[in-house]
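K.L.:
The lines below spell out each chain.
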Amino acid sequence: MNSDRLAPWAAYSVVGVGALIMLAPFYFMFVFATHSRTEIFSLPPPLFFGDDFFNNLKILTERMPFWRNLGWSLYVALASTALTLLFCSMGGYAFALFDFKFKNAFFGLVLGTMLLPSFMNMIPTFMIMDALGWIDQPKALYIPGAASAFGIFLMRQFVASSIPKDLVEAARMDGCSELGIYARIVLPLLKPALGTLGLITFIASWNNFIGPLIVMRSPEMYTLPLALRSLQSPVNTEWGALMTGSAIATLPLVVLFVLSSRQLISGLTAGAVK
Amino acid sequence: MKLPAALRLSPEWTPYVLLSPFVVLFAVFGIFPLVFSLYLAFQSWEPTSGLGAMEFVGLGNYAFALQDEWFWKSLKNTAWLALASGVPQHLVAIPLAVFIHTSFKKLRNGAVGAYFMPYITSTVAIAILFSSLFSTDYGLINVGISLLSKVPVLGWLMPANPVDWLNEPDNIKPAIAMIVFWRYVGFNVVLYLAALQTIPADIYEAATMDGAGRLQQFFHITLPSLKPMIFFGVTLSVIGGLQLFEEPFILTGGRGGTDQSGMTTAIYLYRMAFDFNDFGAASAMSWLLFILVAALTWVTNRAFAPRKGSA
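So the protein lines, in turn, are chains A and B.
Be aware that the first sequence starts at 1, since it is given in the numbering used here, and climbs by one per residue.
Be aware that the second sequence starts at 1, since it is given in the numbering used here, and climbs by one per residue.
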C-alpha cells in the first residue's frame, strides 16, 4: 500500500532530476552567451544571465564573417530540404505504388546504404567534389544530400500505409495525367510525412559538420558549425563570443523542437521502432 | 488542357521518370564514391600530383594500416569509447523508460522531450560548450567536483586536485564518453518506451494477483520482454560509437589529443587523408573499419533473426 504511493514520487524525482541534468548544459550555453570570457572563468562561475551579449556578438562578427556563415547555413538547409522533399516524395511514391523491374533489389540497395557509416564517403566525396570543381560551393552540400535513403524509406512507408492504390487508379480512369496524380493527389496527402522529413532534413543540414569540413575551404564559405570551430584555438579562445555563436546556432533548433517534438521524435526513431 | 495521348506519360514509364532524379544523385553521390573508395584503397596517390599519378599497390595500403601503431591505437580508443559511452546509456535508459511509462501521463511528452533534446542539437555547439565546462581551472564541472568534495563521505570519492580533463591522456576518453552518453541516452529512452508499450498490461495484473512485487515484476516480466530491444539498441549504440568523429574532433582540436588518446579511427582516417595526404591508406582504413562495423552488425542480426526487418 505504502510502496504503491511512494513509487510514483520516486519515479517523478528520478526522472525530474535527470531531466534537469539533461537541460542544464543548454541553460549554461545561453547564460555564458551573455558573459565575457573573464566572467565565464571566474569563481563562482556565472549562474544567471549577464549583459555582455552584444559585446560578444561584436567580437564574433569581427573575428569571422558570422552573418555570412549564418546565411550559408540557412541557405544550404533550405535548399537541401526543398530538393530532398521533392525527390524523395517522387521516389517514395514510385516505390510504394508502382511495379517495375528490379524494384525490390533496388530498394534493398537504397536501404543498405542507410546503414553505411558516414566516414566511408568522406574521402571519395572530397575527390569527386574536387573533380567537379564544387569545392567551396554550397551545391556540394545540398545536391548530394537530396539523394536521402532515409527520405525514400520514410516516404515509401507513408505512401504505402496511407494512400490507397484504388484512389490513384480512379484518378487515372478519370483521365488525370500521371504527373497530375503525383502533384494533385499524392503530394497533398503526403503533407504530414513531408513535414516530418522536412524538419529532419533541415536539422541534419543545419548541424552538418563533416560535409562542410570536407568541401568548404575558405572562411567566407563556412557554414555555422565550421565557422564556430575555426574560432577555437589552443590559446586565447574568445569563449564568450564562441558561446554566443553556439547559442545562436542552437536556438532555432530548440524552438523547432519545442514546437514539434512529438513529430520529430517519432520521425527520427521511425527506422528503429517500427 | 490535355496533351495528345502519344505525348502523355504512360503508367509503365511513370516510375522511372519519378525515380530518375533520385537515381542519378544516388548513383553519383551514393554508390560511385563507394566503388571509387574501393579502387582508391589499392592505389598509392598524392593529391598534389593529379589523378593520373595513381599507382597500383595491391594490398599495400592494407598492410600499411595493419602495421600502423596509430591505427591500432585509434581502434582501441574507438572500441573503448563505443563501450564506455554505449553500455551506460542503456543501464540508465531502461529504468528511466520504465519510470516514465508507469508514472507519467500528462508530463510524459515533456519528460521525453527533455531527454531527447540533446540528440537534435548541433554536435559542434555542444562539444564547444563542453570544452568550456571541462576546463581545468574554473570549468563548471571541476567547480562542481570541488563543491562535492567538501561533502562528507562523498568527498572521499572526489579527486583532491582539479582534473585536467582535456589534456591528460587518461581523462580525455571519459570526458568524450560523458558527452556521447548525454547526447544519446534520450534516443534510447524513446526506443524502450516504444517497446514497453507492446507488453500487455494483463501480464502485470496477473503477477500482482500472484503477489509479485514491483522489483520482481521488473526482473521477471519487463526485462525479459525488453530483451530484443536491448540487443537492437546496444547494437545501434556500438555501431554509432564505432563511427565517433565530431565530439572527439572538436574536443581535441581536430588532432586526437595528447598521445592520440582521444583519436578515434574516423578521426585518424580523416587526418591520414587531409593532414598527411595519404588518400589510399585512408581509404584502406575506412574499409577495415567498415568490415568491423559490418561484422558486428551481422553477428547481432544473426543472434536476433526473429526480429528481422526491424532495422
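What the hints contain is simulated information worked out from the structure, not anything from laboratory work.
Keep in mind that this is a model prediction, so the values were computed, not measured.
Any given hint could turn out to be false.
As the list claims (entries may be wrong) - Where chain A lies over chain B, by a calculated footprint (3+ residues, C-beta under 8 Å):
hint: 1; region: 32-41
hint: 2; region: 62-76
hint: 3; region: 138-147
hint: 4; region: 166-173
hint: 5; region: 271-284
Glycine is no exception: its CB is placed at the ideal position from the N, C-alpha and C atoms.
K.L.:
If a hint holds in the structure, say so; if it does not, say that too.
P.N.:
How the hints compare with the structure:
no.: 1; hint: 32-41; in the structure: holds (count 6)
no.: 2; hint: 62-76; in the structure: violated (count 0)
no.: 3; hint: 138-147; in the structure: holds (count 4)
no.: 4; hint: 166-173; in the structure: violated (count 0)
no.: 5; hint: 271-284; in the structure: holds (count 5)
Checked against the numbered hints above, the structure breaks hints 2 and 4 and satisfies the rest.
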